[in-house]
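J.: What follows is each chain in one-letter form.
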Amino acid sequence: MDFLSLFDLSVLDSTVRLAVPLLLACLAGLFSERAGIFDIGLEGKMLAAAFFSAAVAHLTGSVWLGLLAGITASLALSLLHGLASITFRGNQLISGVAINFLAAGMTVLVAQDWFHQGGRTPSLIGQGRFSPIELPLATTLKDTPGFGPVYHDLISGHSVLVYLALLMVPATWWILYRTRFGLRLRAVGENPAAVDTAGVSVVGLRYAAVMICGVLCGIAGAYLATALQAGFVKDMTAGRGFIALAALIFAKWRPWHALYATLLFGYLQAISLRPDIIESAIGFTVQIQLLDALPYILTVVILAGFVGKAIPPRAGGEPYVKER
Amino acid sequence: MEKMPHWADVLLIPLISLLLAALLSALVILAIGESPAAAFNLMVEGALMRSAGWGYTLYYATNFMFTGLAVSVAFHARIFNIGGEGQAMLGGLGVALACLYVPWPHWSLALIGASVGAALFGALWAYIPAILQAKRGSHIVITTIMFNFIAAAVLNYILVNILRPVGAMDPATAKFPDATHLPTFRDMFSTADTILFRGAPANVTFFVAVAACVVVWVLIWRTRLGYEIRSFGESETAAKYAGISPVKITVIAMLISGALAGLMSVNTTMGESERLILNSTEGAGFIGIAVALMGRSHPFGVFLAAILFGFLYQGGAELALWTSIPRELIVVIQALVILFTGALDNMVRMPLEKLFLALRKEGA
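Same order as they appear, the protein sequences are chains C and G. Mapping to our numbering: the first sequence position 103 is 103, numbers consecutive. Numbers in our numbering are just positions in the second sequence, counted from 1, shifted up by 324.
Calculated from the structure, these hints are not laboratory results. All residues carry an ideal CB built from backbone N, CA and C; glycine is no exception. Careful: at least some of the hints might be erroneous.
[As the list claims (entries may be wrong)] Chain G side only, calculated, beta carbon under 10 Å to chain C, not exhaustive: (1) V440; (2) L444; (3) L448; (4) I452; (5) V465; (6) T547; (7) Y551; (8) S555; (9) G557; (10) A614; (11) F664.
[Unchecked claim] Just a sample of chain G residues kept apart from chain C, beta carbon distances all over 10 Å, derived: (12) L339; (13) L347; (14) V368; (15) R460; (16) Y481; (17) E552; (18) R599; (19) L617; (20) L632; (21) K678.
[Claimed, not checked] BS3-like, lysine-lysine: derived pairs with alpha carbons at most 25 Å apart: (22) G:K327 <-> C:K322; (23) G:K564 <-> G:K327; (24) C:K322 <-> G:K459.
The shape of chain G in the complex, shown without the other chains:
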C-alpha cells in the first residue's frame, strides 16, 4: 500500500523542501544585514521582468537541463554520476574540435556536428568509469570524482600546449569561424522596431535542451531500454533474473548520461563564448545534481527545476551587482536544495507519511 498519494510525493515534498531551503536562505540574507524581501524582488526584477533577464535565465537553464537530465538518467539506473562536470569539460573539447577543424557551410549543420562531437566526448569520458564499475566493481562515485579532476588537467594541458593560437596569452582556443555562430534569442525574436533579449546569451541550444527533455522522457518511459534501465535501478537482482545484463545497462546508462552532460558545452562553448575556454562549465555539472533531485529525475521536473536554477543564477548575479550579497549565496541555496531534496529527504517525508496515514485512518 502506498503511504501517501502520488501527487504528494512528486509535488508536496519538493515544494516543502524548496520552502525550507528558501527560508534558510532568507535567514542567511538577514544575517548579512540585507532584507530578504528586497533581495527577492531584485532577483525577480533582474531575472524575469526584462527580456534580457530572461535571456540569461534561459541560457543558464539550458546548461542545467542538460546536466540535470544527465544525472537523472543515471539515477534511474541507481547510478550516481557525479562526473557531469568532467564530462561537460570534455564535451567542450568535442565542440571545439568540430567547430575549428570542419568547414561548416551553415550554422544548422555546425550545430549538429558540434552536438555529435560534444556527446561523443562526454560519453567517452563517462565510459571508462562505467566499464570499471560494471566489470571491476570500482565505486563509480569515486571514479567519476577522480575523472573530474583528470578532465580539468587534460583540458588545461590541451588548451595551453596544443589548441592555444600562437602568440595568444590566455589558455583558450582560437575564435570559432563565423559560420558556426548560433542564432541567439535576440537574432530570432527581435523585430525591426523592438529589440528583445539585448546582450543575453540565450541561443538556439535552448530548444535542443527542451528536445532532449522530450527524448529522455520517451527513452525512459516508452522504450524497452528505458524499461530495462528502470528495472535495473529498482532491483539489480530482479533485473538479472529477467535476463537484463548489469554490465550492459550500467555502460549504456552512463554513456547516455555522459553524452547529455557533454551536450551542455554546445550552449556554453558554441553558443556563448564561441571559443573553448578553461572552466567554461562553471560548476554546472554539479548543479545538475540539485536539478535532478529537485525534479525527481523526471524530465518535466528537470525542465522546471532547471528554469528555477537559471532564475537563481541570474538573480544571484543581479544581487552581487547591486547589493553586498556575494554570488556565493547561490552556492549556499544550491547546497540547501541538495540537502533537503536529497540527503534529508526522509526528514520531510516521514512526518508527511504519518500525517497522510492518520488522515486515511480517520477517513476509513
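So that you can see chain C by itself, here it is in the shape it has in the complex:
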C-alpha cells in the first residue's frame, strides 16, 4: 500500500491541467448566475469556442487569433442567451438547452464542411498551439530537494492560459466584492427591483454579466482545443460544462471555493485516468464509473442540503419585468 502515490506529482500536474477548463467555465457561470441569469449552456459555449479556436488556429497558424475566434464564437452564443433570457424574457434553462444543441450540431457541421475529416479539425502544430511556459529558474532549482521538483513539474511548465485562469480567481473575487460593478452585479441577482429603483439598468448589468460569461467560456474552450489537446474533435467538452455547473453549486457561487471545487473535480478526473495508482494506493480497485459519477453525486448531496445548504442567488432564473 502506497497511499502517497495518490498525490504523486504527475497526478497533481494533470489535476491542474484538467481543472483549468472547469475553473474557467465555473467562473463564467458564476458571473452569469450571480447576476440572476441561469446558464446551463456553458457546455455549448465551450464546445463552440473549442472548435473555432482550433479551426482558426489551424487556418492562420496563430494560436492567438484562434483564441480570439473562440471567444468570439462563445460571445455570439452568449448574446443569443441574453437576447432570449433578458430581452425576450424567455426561459433561461430552455435557452441553455438550445445553445448546447446548437453548438453540438453546428461544430460538426462546419468542421465537416471546412476540413472533411469527419467532424474534427486537423492536428495543430507549432504556433497553432499554446506551448508550456517555463517559469524563471525552473531548471536550475529542479534538483533542490523538496521544493525543486514541485516548482519544476507542478508550478512551472503550463500554458499561459493556466496561469490566466488561476489569476482569474482573485480577479473575480475583487470584481465581485470590491468594485461598484460587482456590488451591483450581485444585487441584480438578488433583488433586481432594488437595483432598478436606484436608477441602474438591470438589462445592462445582466448583459454585461452574460458577456463576461461568454469571454470566460471562450477561453475555456480554446484551452481545451489548443492547449490541453492539439485540435478539435466532436463533442470534446464531454460534459465539462455540466461538471463546471456542479462545481459552481459545490462552491455555493463563491470565487475561491470555485477554485477548490474545480481542483477537487479535476483531481477526480486525473486519478480516474490512472487506475493503477488507485489500486496500489488503497489496495483494491475502485470502479472508474464511480469516479466519473462522483462529481455529480457530490453535487446532488450538496444540493440536498445534507452537508451545508447551497442557496442560489434569489432572483436566479426569473426574467425581470419592470412594474408599470
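Given chain C, put chain G in place with the hints provided.
T.: Relative to chain C, chain G alone:
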C-alpha cells in the same frame, strides 16, 4: 381579456416558429453548398415515400412520443424535467431485467412485463430528484442533469461488470429470448404478395405510445389528479390554498414523467436491438424537450411533433447517406426548434399579439 384568439396561440405560433427554424436550417444547408430544396425532397423521399421509410419515421416517433409526453406532464406542473435521458436509460435496465430473467410464454405478456419494468425504473430515477425538490428545495433542473450523468455511469457499470455475458466484448446484455420478440410492422402488415416495412424497426410499441398519448390526455384534462397538477403549475400558492399538497403533486408528476420516459426503452431495447446496449437512448430524452415545446404540452400536439421529429431523424439519416450533409444537421434543427418555440417564444408572440390587438381595435 385574451390578447389573441386561442387558435393563434396553439397553431399560428408553433407554425411560425417552425418556419423560422426551417428557414435558418435552409440557410445552413445553403452555406454548406447543398440545395435546400433538393435536401428536403430527399428527406421526404427517404422518410415518407416508401413504407420502409415510414417504418423508421414511426420508430423514431415512438421514442419521441414517450419522451415528449414525459416532459409535457412535468411542464403542466411547471417542472422542467431535463432528466428524461437518464430515466430512459434506467428504463432500459428495467426492460432488460424483465426480458432476461422472466420466462415469458408470449410476447404480449412480455410486453406488459417489460413496460412495467421500464416504467418502474424510470419512475424510480425521477423519484429522487422529485423528493429532493419537494422536501429540500434542490433545483430539479440541476439534479435531473446530474442524474443523467449518474445514470450513464450506473448503466456503464452494470453492463460491463454484471450483465455482460461471459466472453462477450461489447458492453451489452445477452440477446433477449425469442419469446420476447415484439411483432414489427413488417410482421403485422405484410401480406403474402407484398412485403411492407422491409427492414424497418417500427413495432407494436408504436401503438403503446399512441395509447399513452390518450391516457395522458385523460389524466391531465379529465381527472382530479390532472386538475391538481395543472392548478399547481398555474399557481403554487393558489394550489396550496385549495388544499393541494405541493410535495405530493411534485412527486406524482415526476413519477409519471419518469415512467413515461422509461417506457421509451421498450421501443429501443425490446423492439429494436433486443438486448440492452450502451447509449440505446441516443439523445431521445432531450428531443422530448423540443417535442413537448413544439406540441404545446398537449398530447395531440406531442403526437404530431413526435412524427415531425421522426421524419427529421429518418430524413437526416438519408441526407447523411446520399449528400455531404452530416446527421448533425438534425441536432441543429432540434436546437432551432427549442430556441424558437421555447426560449424565443416571446419574440414570435409579442408582434403577433400587437397585430391581433390592432385588428380588434379596427373591428370595434
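J.: Answer holds if the nearest beta-carbon of chain C is closer than 10 Å to that of G557 (chain G); otherwise answer violated.
T.: violated, 14 Å
J.: Taking the closest Cβ pair, is F664 (chain G) under 10 Å from chain C?
T.: Constraint on F664 (chain G) satisfied, holds at 9 Å.
J.: Verify the interface restraint on V465 (chain G): the C-beta must sit less than 10 Å from at least one C-beta of chain C.
T.: holds, 5 Å
J.: If you take the shortest Cβ to Cβ gap from I452 (chain G) to chain C, is it below 10 Å?
T.: holds, 8 Å
J.: May I ask you to test the interface hint for Y551 (chain G) with respect to chain C, counting a Cβ-Cβ separation under 10 Å as satisfied?
T.: violated, 24 Å
J.: Non-interface claim for L617 (chain G): all C-beta distances to chain C beyond 10 Å?
T.: Label violated. Min Cβ-Cβ 7 Å, cutoff 10 Å.
J.: A closest beta-carbon separation below 10 Å is what the hint needs, so does V440 (chain G) meet it against chain C?
T.: violated, 27 Å
J.: L444 (chain G) was flagged as interface toward chain C. Is the shortest Cβ-Cβ separation under 10 Å?
T.: Given a least distance of 21 Å, the restraint on L444 (chain G) is violated.
J.: Regarding the hint that L448 (chain G) lies at the interface with chain C, is the smallest CB-CB distance below 10 Å?
T.: At 15 Å from the nearest chain C Cβ, L448 (chain G) fails the 10 Å test, so the hint is violated.
J.: Against chain C, run the beta carbon of T547 (chain G) and see if the smallest gap drops under 10 Å.
T.: It is violated, given that the least Cβ distance between T547 (chain G) and chain C is near 27 Å, above 10 Å.
J.: Since L632 (chain G) was said not to touch the interface, does its Cβ keep a gap of more than 10 Å from each Cβ of chain C?
T.: holds, 16 Å
J.: Is the claim that K678 (chain G) lies outside the interface with chain C correct, judged by CB distances over 10 Å?
T.: holds, 14 Å
Consistency with the previously given hints fails for numbers 1, 2, 3, 6, 7, 8, 9, 15, 16, 19, 23, 24, ordered from lowest to highest.
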